Amino acid sequence: AQSVTQLDSHVSVSEGTPVLLRCNYSSSYSPSLFWYVQHPNKGLQLLLKYTSAATLVKGINGFEAEFKKSETSFHLTKPSAHMSDAAEYFCVVSDLTGGYNKLIFGAGTRLAVHP
Amino acid sequence: EAQVTQNPRYLITVTGKKLTVTCSQNMNHEYMSWYRQDPGLGLRQIYYSMNVEVTDKGDVPEGYKVSRKEKRNFPLILESPSPNQTSLYFCASGEGRTVDTQYFGPGTRLTVL
Numbered sequence: 016a017q018s019v020t021q022l023d024s025h026v027s028v029s030e031g032t033p034v035l036l037r038c039n040y041s042s043s044y045s046p047s048l049f050w051y052v053q054h055p056n057k058g059l060q061l062l063l064k065y066t067s068a069a070t071l072v073k074g075i076n077g078f079e080a081e082f083k084k085s086e087t088s089f090h091l092t093k094p095s096a097h098m099s100d101a102a103e104y105f106c107v108v109s110d111l112t113g114g115y116n117k118l119i120f121g122a123g124t125r126l127a128v129h130p
Numbered sequence: 318e319a320q321v322t323q324n325p326r327y328l329i330t331v332t333g334k335k336l337t338v339t340c341s342q343n344m345n346h347e348y349m350s351w352y353r354q355d356p357g358l359g360l361r362q363i364y365y366s367m368n369v370e371v372t373d374k375g376d377v378p379e380g381y382k383v384s385r386k387e388k389r390n391f392p393l394i395l396e397s398p399s400p401n402q403t404s405l406y407f408c409a410s411g412e413g414r415t416v417d418t419q420y421f422g423p424g425t426r427l428t429v430l
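Residue numbers (my numbering), protein chains in the order written: chain S, 16 to 130; chain H, 318 to 430.
Read the hints as simulated data drawn from the structure, not as lab findings.
Watch out, some of these pointers could steer you wrong.
[What the hints assert, rightly or not] Derived lysine to aspartate or glutamate pairs resembling EDC-like cross-links, with alpha carbons at most 20 Å apart: (1) H:Lys-374 - S:Asp-110; (2) S:Lys-117 - H:Glu-370; (3) H:Lys-374 - H:Glu-412.
A quick note: this is a predicted structure, and the numbers were derived from the prediction, not measured.
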């Protein structure tokens with residue numbers, strides 16, 4: 016069965032410093048992986064997705080993630096944090112065993128950005 | 318504008334009082350799904366629907382019902398809500414069987430007293 020583990024429940028950075036949100040996955044086949052962001056009192060928005068093309072995936076708002084099969088990781092990074100990046104981030108793996116693309120969510124990482 | 322809408326956004330109710338949370342999408346998507354979000358657990362799937370009149374259980378279906386009579390609507394029904402159903406609920410939709418990207422509604426925060 017597919018699963019995903021977000022290694023940090025909370026991450027705090029200063030504005031202008033790099034962001035690293037860690038995610039490890041478990042999958043019996045080559046997975047599709049996603050990062051979603053949830054701003055306070057808002058729905059989830061797709062940041063980026065990996066679907067077996069380039070291993071370095073660029074998303075919206077300057078975020079990117081690198082798929083590393085040998086490490087079963089899909090960490091999310093951004094070179095310079097902005098106050099508006101404060102949100103909860105979910106790493107997600109797809110599970111096709113049920114005949115459709117079921118999304119398996121990690122527990123989430125709450126990112127705080129300080130001035 | 319392409320969107321998924323949910324109503325109500327906030328609801329406080331009492332144990333045992335039947336309620337319905339509506340979900341509607343305007344993207345002509347075949348696939349729709351309901352999730353609940355609880356602290357430290359991420360989102361867990363309650364029910365999903367691959368098309369009109371086709372629904373199936375997700376990971377946490379107990380205490381919930383759904384129906385899909387029209388392509389655009391996918392209401393979530395709690396016939397006898399209990400306090401352990403206090404949660405944040407999200408509806409989502411996507412295109413086709415291999416739904417690559419899902420689009421989420423704004424969420425409904427439900428409190429059952």
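Cross-check of the supplied hints:
1. The hinted pair formed by Lys-374 of chain H and Asp-110 of chain S meets the criterion: a straight-line CA distance of about 15 Å does not exceed 20 Å.
2. Proximity of Lys-117 of chain S to Glu-370 of chain H is assessed by CA-CA distance (about 19 Å); at most 20 Å being required, the pair is judged to hold.
3. Between Lys-374 of chain H and Glu-412 of chain H the alpha-carbon distance is near 19 Å, which keeps this suggested pair within the 20 Å criterion.
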